[in-house]
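Line by line, the protein sequences give chains P and E.
For any residue, its number in the numbering used here is found by taking its place in the first sequence, counting from 1, and adding 112.
For any residue, its number in the numbering used here is found by taking its place in the second sequence, counting from 1, and adding 647.
Any given hint could be a false lead.
[Claimed, not checked] Pair ranges (Cβ atoms, derived):
hint: 1; chain 1: E; residue 1: Pro693; chain 2: P; residue 2: Glu225; range: 58 to 64 Å
hint: 2; chain 1: P; residue 1: Glu225; chain 2: E; residue 2: His847; range: 28 to 34 Å
hint: 3; chain 1: E; residue 1: Glu1055; chain 2: P; residue 2: Glu226; range: 37 to 43 Å
hint: 4; chain 1: E; residue 1: Ile1043; chain 2: P; residue 2: Leu165; range: 41 to 47 Å
hint: 5; chain 1: E; residue 1: Asp1038; chain 2: P; residue 2: Leu227; range: 37 to 43 Å
hint: 6; chain 1: E; residue 1: Glu1055; chain 2: P; residue 2: Asp166; range: 32 to 38 Å
The set of hints was computed from the structure by calculation and includes no laboratory data.
Don't be surprised by glycine CBs; every beta carbon is placed ideally from N, CA and C.
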Amino acid sequence: MKELNIENLHITVGDQEIVRGLTLRVPRGEVHALMGPNGSGKSTLAKVLAGHLDYQVTAGKVFMDGENLLELEPDERARRGLFMAFQYPSEIPGVTIANFLRAALQSRLPEGEELEATDYYAKLYEKIELLGMDRSFTSRAVNEGFSGGEKKRTEILQLAILEPKYAVLDETDSGLDIDALKTVAHGVNSLRGPDLGILLITHYQRLLNYIIPDHVHVMVAGRIVRSGRKELALELEERGYDWAREGAFEAVYTR
Amino acid sequence: MKTDTTAIDIDRGKGDFFYPEAHVRDAGTGLSERTVRYISDVKEDPDWVREFRLRGLKTFLEKPLPTHWASKDLEAIDFAKIRYYLAPGTEPKRSWDEVPDDIKRTFERLGIPEQERKFLAGVEAQFDSEAVYSNIKKAVGEQGVIFVGSTEGLKHYPEIFRKWFGKVIPIADNKFSALNSAVFSGGSFIYVPPGVKVKHPLQAYFRINAENFGQFERTLIIADEGSEVTYMEGCTAPKFNTPTLHSAVVELIALKGAKIQYITVQNWASNVFNLVTKRGLAQENAEVKWIDCNIGSRLTMKYPSVIMKGRKARGEVLSIALANDGQHQDTGAKMIHAADETTSNIVSKSISIGKGRATYRGLVHVPKHLKHCKNNTECDALLINATSRTDTYPAITVRGTGNAVQHEASVSQVSAEQIFYMQQRGLTEAQAMSLSVNGFVNDLVRQFPMEYSVELKRLIELEMEGSVG
Chain P
113 MKELNIENLH ITVGDQEIVR GLTLRVPRGE VHALMGPNGS GKSTLAKVLA GHLDYQVTAG
173 KVFMDGENLL ELEPDERARR GLFMAFQYPS EIPGVTIANF LRAALQSRLP EGEELEATDY
233 YAKLYEKIEL LGMDRSFTSR AVNEGFSGGE KKRTEILQLA ILEPKYAVLD ETDSGLDIDA
293 LKTVAHGVNS LRGPDLGILL ITHYQRLLNY IIPDHVHVMV AGRIVRSGRK ELALELEERG
353 YDWAREGAFE AVYTR
Chain E
648 MKTDTTAIDI DRGKGDFFYP EAHVRDAGTG LSERTVRYIS DVKEDPDWVR EFRLRGLKTF
708 LEKPLPTHWA SKDLEAIDFA KIRYYLAPGT EPKRSWDEVP DDIKRTFERL GIPEQERKFL
768 AGVEAQFDSE AVYSNIKKAV GEQGVIFVGS TEGLKHYPEI FRKWFGKVIP IADNKFSALN
828 SAVFSGGSFI YVPPGVKVKH PLQAYFRINA ENFGQFERTL IIADEGSEVT YMEGCTAPKF
888 NTPTLHSAVV ELIALKGAKI QYITVQNWAS NVFNLVTKRG LAQENAEVKW IDCNIGSRLT
948 MKYPSVIMKG RKARGEVLSI ALANDGQHQD TGAKMIHAAD ETTSNIVSKS ISIGKGRATY
1008 RGLVHVPKHL KHCKNNTECD ALLINATSRT DTYPAITVRG TGNAVQHEAS VSQVSAEQIF
1068 YMQQRGLTEA QAMSLSVNGF VNDLVRQFPM EYSVELKRLI ELEMEGSVG
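Isolated chain P (complex conformation) (with noise of 0.2 Å):
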């Protein structure tokens, strides 16, 4: 089955548990949305779906077309077509974008079998326009001074660069003013195709005007409490977080 199939799935940091039984599918071609409040365990699941040792999963299961994620080191799931745009991604002061990405690309080849330059400047400069961003870019260290806009559009670069199966975008949307989110909303949707599954983590409904889901969900204390179609969305604005927590306790006591 071609997708990320997320079953039934526990974590916990220290002894609190911050998802507590998320069943989630996003099949490849699907845009799926998933808003919650704050604190409700989106950016969590994500970090989980990533490997980041700093969390545990007590139960449930994850799988990216039928492998089973949660047993792989976080360079392999990458390797393997799971990508993380990150909500605060790091600094790695001293290597430029373009050689981060050839270094990445080049983890992606078989031993011995050496990445070919041209072609691959071709495709960053390439992705660069379509980011609207300026060449010269590529030679800044990885997210050294960026701007939150910069940083957001950085990772939306390496998304295009590396052409995952799977993309988890965390909050992409945080800390962008309205030209910024454009931008990256066009990045996006340019990267959209049958051969890309993408579940973007959001907290307000605004960046969904711009990347309009297949479907959403909504995700309170660690549990999806709704999910629908694209106007689920529209009615959560309106109604606010309390209404879908109402759903919440409804999914509890008719279980």
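Go by the hints and put chain E onto chain P.
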């Protein structure tokens, strides 16, 4: 039988292998007057060198170990268990074909003959105590450039050798320069005539092959007025169960308007004590530049220095030290300003991994009577793990009013989040660390010659591969 399969044992980098010994000259184990006289005899030293060696021995025995400021680990060196001179008893060859098979194979595995063909103006290869190969490109030799081992230099060019030998670094400079003065052998002797600019680097390669051994090469480079030369040295040794000692002395003399660039690629096995004294003298408008990269060894103590003796002389030290688990890189630089309008620059970067320790010691001296001298010092440390350690001991004495000095230092750490971020893009943990380290040294490495920065990058990768998982 000496076959590739039985004698070679690789477990760290490409330098970790050795062939069975086949030495004809052997000064035995331990150090005494007899050892020193034996070395003088087999090398047919002139009287002044015999005396020089004996004074060296006396000074070495009198001086205490510098443990009041330096690492106590120095006490682990057992001078009575070291072998001080091992050599085949033949002159260095001018062609690789004449070099004995085992030795030739050693250098082939290290890629030396290949590099010589590609980009070098001359090569000297030292195996234990003596040079086994020494050759200079014909065109360079015809310009009057001399590039031979120190033994040959002393024999064939005694006037120029004696004039400068031991003048920049006196016997009693420190305990290890005294030791070197007593038992020195090998190293390079270079003379570049006035106005000659040697386009490609001259390279020496120092190889330790024998166990319980001390290598004490002595290098002397004289760049006559207006000349230019770049010298590169590489060092490796296999990892033996007992410590090995490497204690070299390097003296550089840049006469009026000359430029010397001295590059070290050191990749010692992790039980080598590397205690080296390096100093250059820059006359009027001359430049001495040390590019010094210290990878490997158990303890390295090395502070390349420049004495700026003539007006407008320049001194520079660019150094990178990588201290892995169980290693202590105690490195730095000394800049002695001794004339007006002299300028010096020190950029030092250290990386500590695991329980590795990197120490920076710097000394900048500008006396009161001088005018318009400048120094810039930058030292940056990168810590890879929480257990890694770094210390900085800068000593800057700048007197007088018309002089400018600038000092910057920083300590940074590779964070778990940074590594996770890079792993999420597909890099393994080791690749991620290696890339972080490369990023940290990047602005410095860009100033190095190309061939050299490639080699350095490869060594850093090897070192990081070995330190993770």
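Verification of the supplied hints:
no.	hint	result
1	E:Pro693 / P:Glu225: 58 to 64 Å	59 Å, holds
2	P:Glu225 / E:His847: 28 to 34 Å	32 Å, holds
3	E:Glu1055 / P:Glu226: 37 to 43 Å	38 Å, holds
4	E:Ile1043 / P:Leu165: 41 to 47 Å	43 Å, holds
5	E:Asp1038 / P:Leu227: 37 to 43 Å	40 Å, holds
6	E:Glu1055 / P:Asp166: 32 to 38 Å	34 Å, holds
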